[in-house]
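Residue numbers (our numbering), protein chains in the order written: chain A, 79 to 436; chain B, 79 to 436; chain C, 79 to 436; chain D, 79 to 436.
Calculated from the structure, these hints are not laboratory results. Only a predicted model underlies this, so the values are computations on that prediction, with no experimental measurement involved. Careful, some of the hints might be misleading.
A pair counts as met if it fits within one copy or between any two copies, since identical chains are not told apart.
[Said to hold, decoys possible] In silico DSBU-like cross-links for lysine-lysine, where the CA-CA straight-line distance does not exceed 30 Å: (1) 349 with 432; (2) 278 with 349; (3) 401 with 138; (4) 401 with 335; (5) 349 with 99; (6) 132 with 401; (7) 349 with 132; (8) 229 with 278; (9) 335 with 99; (10) 401 with 229; (11) 278 with 335; (12) 349 with 335; (13) 349 with 401; (14) 432 with 229; (15) 401 with 432; (16) 278 with 432; (17) 335 with 432; (18) 138 with 99; (19) 401 with 99; (20) 401 with 278; (21) 132 with 99; (22) 138 with 335; (23) 229 with 349; (24) 335 with 132; (25) 229 with 99; (26) 132 with 432; (27) 432 with 138.
Protein chains: 4
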Amino acid sequence: MAANTFGEIFRVTTFGESHGKGIGLIIDGCPAGVRIEENFIQAELDRRKPGQSKIVTQRKEEENFIIQSGTLNGVSTGTPISIFIPNTDQKSKDYNHIQNIFRPSHADYTYQTKYGIRDVAGGGRSSARETAARVAAGAIAKLILQDVGVKITAYVSQVGHIRLQHLYDQHTETIEDNIVRCPDPVIAQQMIDFIMEVKKSGDTVGGMVTCIITGCPPGLGAPVFDKLHADLGKAMLSINAVKGFEYGSGFESVRMKGSEHNDSFVNVDGKIVTETNHSGGIQGGISNGMPINFNVAFKPVATIVQSQDTVDAQGNAAVADGKGRHDPCVVPRAVPIVEAMAALVLVDHLLRNKSVRV
Amino acid sequence: MAANTFGEIFRVTTFGESHGKGIGLIIDGCPAGVRIEENFIQAELDRRKPGQSKIVTQRKEEENFIIQSGTLNGVSTGTPISIFIPNTDQKSKDYNHIQNIFRPSHADYTYQTKYGIRDVAGGGRSSARETAARVAAGAIAKLILQDVGVKITAYVSQVGHIRLQHLYDQHTETIEDNIVRCPDPVIAQQMIDFIMEVKKSGDTVGGMVTCIITGCPPGLGAPVFDKLHADLGKAMLSINAVKGFEYGSGFESVRMKGSEHNDSFVNVDGKIVTETNHSGGIQGGISNGMPINFNVAFKPVATIVQSQDTVDAQGNAAVADGKGRHDPCVVPRAVPIVEAMAALVLVDHLLRNKSVRV
Amino acid sequence: MAANTFGEIFRVTTFGESHGKGIGLIIDGCPAGVRIEENFIQAELDRRKPGQSKIVTQRKEEENFIIQSGTLNGVSTGTPISIFIPNTDQKSKDYNHIQNIFRPSHADYTYQTKYGIRDVAGGGRSSARETAARVAAGAIAKLILQDVGVKITAYVSQVGHIRLQHLYDQHTETIEDNIVRCPDPVIAQQMIDFIMEVKKSGDTVGGMVTCIITGCPPGLGAPVFDKLHADLGKAMLSINAVKGFEYGSGFESVRMKGSEHNDSFVNVDGKIVTETNHSGGIQGGISNGMPINFNVAFKPVATIVQSQDTVDAQGNAAVADGKGRHDPCVVPRAVPIVEAMAALVLVDHLLRNKSVRV
Amino acid sequence: MAANTFGEIFRVTTFGESHGKGIGLIIDGCPAGVRIEENFIQAELDRRKPGQSKIVTQRKEEENFIIQSGTLNGVSTGTPISIFIPNTDQKSKDYNHIQNIFRPSHADYTYQTKYGIRDVAGGGRSSARETAARVAAGAIAKLILQDVGVKITAYVSQVGHIRLQHLYDQHTETIEDNIVRCPDPVIAQQMIDFIMEVKKSGDTVGGMVTCIITGCPPGLGAPVFDKLHADLGKAMLSINAVKGFEYGSGFESVRMKGSEHNDSFVNVDGKIVTETNHSGGIQGGISNGMPINFNVAFKPVATIVQSQDTVDAQGNAAVADGKGRHDPCVVPRAVPIVEAMAALVLVDHLLRNKSVRV
């Protein structure tokens with residue numbers, strides 16, 4: 079029961095709490111012969127790390143990782159790759175104010191109810207810090223995918239009411255040019271201003287991340303339960319704060335007619351493509367070679383700098399005081415996490431596909 | 079690699095093609111001592127079967143199942159439960175018109191590309207008929223869940239542009255009173271009229287199914303990859319024609335502030351509940367005892383009674399002629415499928431939860 | 079938790095009880111394009127079936143199978159292959175004499191204790207009849223292995239005190255020439271005579287099956303938990319009545335020195351082989367290209383035609399009366415089962431090996 | 079594909095090479111509320127560690143472990159428990175003499191053939207050092223099993239030709255009184271003298287470990303593929319240098335009659351037991367409450383201080399020079415490894431058994 083493991087062949091198992099010794103992961107099933115570029119892994123971690131701009135949490139965390147096994151002279155050997163990311167920010171904090179309190183819309187109540195015990199410090203296992211392990215694993219997945227021409231690009235498409243038009247039709251070169259990671263510089267500035275405004279009010283706001291995958295070969299995915307979009311959906315929904323997933327025409331397809339929704343096949347210079355892409359690059363659960371695109375909805379972060387009514391472990395009325403540094407909006411840092419989880423799904427199905435024919 | 083298996087402890091494996099000898103499933107991991115009520119299983123299958131009303135496909139298919147193993151005097155023995163549903167509608171048809179054609183937005187092209195071979199008759203494995211096996215398995219899951227007070231109710235909340243308001247706040251007793259399975263009789267009639275209109279034009283239309291789960295004990299789900307909503311999302315996205323999934327506040331949460339989104343805990347007669355339920359009954363990936371609710375978006379059925387441009391297996395331009403009987407809108411029959419998949423997720427996590435504490 | 083499933087990629091799930099409607103299996107993960115030769119599957123089933131000679135149970139069971147899915151014109155399509163073997167011998171029997179009794183060295187007591195319910199008729203799921211499903215699945219595995227030159231041959235190497243010398247050095251062409259399936263005709267006759275003698279006395283006797291696999295490519299298996307011999311060992315130990323497994327030098331290696339046990343590598347016409355084969359074709363858990371060989375020990379069948387002291391479900395002293403037809407020695411019919419399980423292990427690792435390098 | 083993961087619910091994943099930064103493991107699925115006694119874990123590691131006596135390798139390795147996650151104040155929280163054991167003996171050595179050589183009966187050739195790359199230093203992943211991670215995980219499994227009264231005891235029953243009689247009938251209190259871990263002090267001294275003699279000659283010798291498990295509740299195991307003894311067998315065969323496994327009557331059962339082999343049930347003070355225990359505590363793959371007992375055969379260590387003929391990576395004749403420190407006989411240090419793997423199997427089936435009835 080792989081509660082902390084993701085994937086069938088390229089299997090990633092993560093561990094670690096927010097304020098323990100550190101977090102980390104094991105990749106079991108990484109093929110031999112992959113060049114593990116540490117600079118690239120660090121660069122991906124840096125895209126996710128706190129304190130990178132004024133619109134994210136100001137917590138200062140260095141995320142320096144150590145590869146503990148599975149490589150030889152920078153090349154994977156086919157044995158498990160273990161990566162450890164020490165917690166640098168371990169100074170014992172005062173968590174007494176929440177020790178006995180169930181914070182609204184946090185995992186405090188459910189963890190306590192399920193396990194009868196919970197690690198209060200920094201949210202323990204429920205901390206978004208866990209996603210750093212996903213990003214490190216995803217970086218290695220990306221290195222494998224690059225070699226077969228698969229490119230995964232995510233960006234912020236909505237913050238609160240501020241939304242990009244034509245979600246799937248964007249110039250993605252400019253994404254990293256601004257701190258909110260929105261390809262449209264004008265919309266990006268509006269998003270940044272709005273996040274700063276929300277932050278000043280001690281509040282938080284939701285957002286949406288859009289992801290586009292190009293160069294995916296046809297044939298990835300499985301017909302029934304492991305449809306490619308079903309695995310992508312689970313991957314995204316497993317990210318903290320995600321409330322929804324749609325691919326291709328998504329929820330908009332509810333209003334459409336079959337005659338307008340169907341994607342006609344055409345032969346362009348010997349390559350079979352579709353004229354439209356309402357299918358989002360996936361038909362019958364299997365990639366068809368067209369761009370794969372999907373949207374991921376993120377709720378506003380639960381930690382706000384306001385006092386909220388709640389109850390304590392004994393069920394008595396209590397007040398949760400919002401202190402400390404937090405993200406006013408999670409999506410700018412969620413972009414590399416969405417890419418990482420997409421990479422894990424694709425590399426796993428890429429490897430699975432190797433045994434589909436004799 | 080469980081491409082055709084779903085679940086970790088309560089494991090369902092399905093098989094079968096649309097026009098082969100039949101379809102079926104094995105449940106491995108069903109606890110011993112469950113009363114397997116065949117009437118209930120048949121009733122669930124009948125909710126899904128073709129020809130049940132004027133707004134669904136007029137194909138006449140009896141879905142009589144045979145339990146081949148795993149029970150003794152109507153009680154599960156703990157050994158694998160195998161169920162077979164023979165195909166009654168096997169008269170050899172003429173599929174020459176699509177033998178060599180890739181129908182738009184069907185699985186023809188992707189199956190052929192992945193496997194190098196495909197079963198054309200009735201779409202083979204990609205046929206929605208496969209979902210009958212899910213419904214049969216889900217019925218057994220429901221029998222287990224009933225005994226712990228879990229109730230799963232799905233209904234049609236949108237067809238094309240016709241949409242219910244207050245999706246999660248409905249009187250569900252009336253759902254089965256109309257053929258479209260919408261709890262509001264007035265909206266239901268509008269949906270039925272619209273579907274008939276679409277049908278006359280030889281077209282199809284999308285729709286949305288909403289699901290509410292009450293009585294779910296707190297503690298089901300896992301903190302990281304196997305979040306309860308992530309597994310529910312994968313389950314729904316694995317159903318044919320599904321394009322999107324959202325739970326609780328879903329995509330609407332993108333526009334919300336943390337201060338309005340957070341669900342405050344209150345003690346009501348010694349039971350800890352939340353005042354609002356934007357969390358959709360799940361916090362940190364684990365059920366909190368509140369109603370679990372989610373929406374599932376279905377695209378319009380790809381089979382339309384119109385000629386469409388496409389290509390053949392050789393890449394030559396071709397025309398796909400839409401013949402035969404099909405569903406103008408899939409959601410009325412999708413309701414029991416959504417319930418079944420939700421039941422499989424919940425019963426699996428219910429059993430998984432038994433080993434979470436010493 | 080794959081209690082009734084075997085394999086990681088080529089996944090076989092079996093179901094069915096001895097006196098229910100039938101037994102069967104699903105193969106999920108069989109590659110597309112495999113020619114499924116029904117005659118070969120039937121021939122393998124016939125090697126296992128009861129009543130084939132005077133030294134096995136005289137029960138008359140036809141084992142006619144039906145392929146219910148997963149093939150098109152005799153070729154696998156990559157979708158689940160479901161095979162059903164109806165029980166022909168279903169006439170309701172009188173099991174009252176054991177209904178409430180725990181037969182010595184049967185699964186009666188443990189099933190009842192574990193599940194609180196058990197299917198008494200013919201032993202239910204614990205019946206050796208379940209192995210017919212393994213043989214059918216193994217036949218398909220063999221068809222895949224044949225095409226890559228892997229040949230799996232098992233034979234009877236010991237019955238009671240009568241034992242072949244040079245277990246791994248035999249002319250295997252003659253195995254099927256005698257009903258006990260021993261390659262040495264003289265020893266074979268001694269075994270047959272001894273089994274007939276045991277049978278007359280209403281008793282049973284143990285035996286040993288030896289298996290040799292030639293043509294296995296180097297590189298199959300995994301370094302740590304999924305060592306090739308560990309998976310072979312589990313496969314064999316999962317067969318009814320098996321008490322022991324050894325490969326290569328096996329238990330004899332306990333007495334040996336490293337200097338005599340080590341297999342020196344030599345280059346023979348450009349192919350690296352070992353001079354001796356104490357390794358049994360597997361080093362570090364991975365096949366090295368030399369013949370893989372192992373022995374499987376079977377205990378005497380528990381069903382004897384003698385009255386035995388035991389207890390009933392209430393713990394009262396009782397007598398178990400041995401009635402009915404049974405195998406005086408299981409090994410002649412175990413030969414194809416051993417081959418089938420070996421084939422399942424090898425085909426699974428063959429497919430797993432496809433994703434081990436980029 | 080859990081090549082480096084063991085278990086279904088209590089899942090242990092190991093990583094690390096002999097001369098890398100260290101080795102370690104993650105336990106995913108450890109129940110919450112287990113008191114993790116670090117002293118006990120260290121004590122178990124010390125039983126396995128090199129240099130503990132004159133009859134094992136004189137390599138000096140401290141095996142100090144760090145628990146990196148999953149506990150709070152010494153109690154498991156239900157989240158993944160990660161343990162790291164740094165390699166202290168990392169001084170860069172000269173491995174040029176084997177860099178390009180395939181040592182006889184080592185994993186050099188098979189790893190190179192499978193992966194196209196291998197970590198030569200200390201054998202990399204094939205080093206017995208990996209078993210330290212198993213011992214650490216097994217120690218935690220033992221802590222859980224202790225609380226339900228399960229006791230696992232292994233000892234050395236044979237070294238070369240020197241063998242204990244009545245393998246399963248021993249006074250186990252004295253096992254740790256001598257460095258070879260044999261319960262009979264006289265036989266123990268003979269074994270020690272023989273191992274010293276073998277060591278002086280630069281050679282190695284095989285041995286056998288016997289394991290007895292008492293207090294195991296009835297009902298653990300599964301009827302078909304996951305028979306308790308099949309999982310124990312795989313666990314043992316996955317340990318380096320193991321060549322055979324037998325339980326209960328084992329290979330001796332081949333010579334026995336059913337009438338002498340069957341274990342009669344008797345009621346002793348209201349408890350159902352068997353008069354004999356040829357079943358080795360397991361019937362139909364499920365524990366029956368009697369002591370579980372089995373033997374594990376270990377081959378002689380491949381590393382000897384002698385020159386051996388072999389080939390290099392180019393297939394040229396070469397000589398492998400045996401240098402360095404090694405174990406003349408592996409069984410004294412294998413005792414805690416056998417116990418650890420048995421503990422992993424039992425705790426996993428103990429947890430699996432919790433969901434077997436509604």
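Outcome of the hint check:
no.: 1; hint: 349 with 432; in the structure: both (22 Å within a copy, 27 Å between copies)
no.: 2; hint: 278 with 349; in the structure: neither (53 Å within a copy, 36 Å between copies)
no.: 3; hint: 401 with 138; in the structure: within (16 Å within a copy, 50 Å between copies)
no.: 4; hint: 401 with 335; in the structure: between (50 Å within a copy, 17 Å between copies)
no.: 5; hint: 349 with 99; in the structure: neither (52 Å within a copy, 36 Å between copies)
no.: 6; hint: 132 with 401; in the structure: within (18 Å within a copy, 59 Å between copies)
no.: 7; hint: 349 with 132; in the structure: neither (46 Å within a copy, 41 Å between copies)
no.: 8; hint: 229 with 278; in the structure: neither (37 Å within a copy, 44 Å between copies)
no.: 9; hint: 335 with 99; in the structure: neither (55 Å within a copy, 33 Å between copies)
no.: 10; hint: 401 with 229; in the structure: neither (40 Å within a copy, 39 Å between copies)
no.: 11; hint: 278 with 335; in the structure: between (45 Å within a copy, 13 Å between copies)
no.: 12; hint: 349 with 335; in the structure: within (27 Å within a copy, 47 Å between copies)
no.: 13; hint: 349 with 401; in the structure: between (57 Å within a copy, 28 Å between copies)
no.: 14; hint: 432 with 229; in the structure: both (20 Å within a copy, 24 Å between copies)
no.: 15; hint: 401 with 432; in the structure: neither (51 Å within a copy, 36 Å between copies)
no.: 16; hint: 278 with 432; in the structure: neither (52 Å within a copy, 45 Å between copies)
no.: 17; hint: 335 with 432; in the structure: neither (37 Å within a copy, 43 Å between copies)
no.: 18; hint: 138 with 99; in the structure: both (16 Å within a copy, 27 Å between copies)
no.: 19; hint: 401 with 99; in the structure: within (23 Å within a copy, 39 Å between copies)
no.: 20; hint: 401 with 278; in the structure: within (14 Å within a copy, 61 Å between copies)
no.: 21; hint: 132 with 99; in the structure: within (27 Å within a copy, 37 Å between copies)
no.: 22; hint: 138 with 335; in the structure: between (51 Å within a copy, 25 Å between copies)
no.: 23; hint: 229 with 349; in the structure: within (19 Å within a copy, 42 Å between copies)
no.: 24; hint: 335 with 132; in the structure: between (45 Å within a copy, 19 Å between copies)
no.: 25; hint: 229 with 99; in the structure: neither (34 Å within a copy, 33 Å between copies)
no.: 26; hint: 132 with 432; in the structure: neither (45 Å within a copy, 45 Å between copies)
no.: 27; hint: 432 with 138; in the structure: neither (43 Å within a copy, 40 Å between copies)
Of the numbered hints stated above, those contradicted by the structure are hints 2, 5, 7, 8, 9, 10, 15, 16, 17, 25, 26, 27, listed in ascending order.
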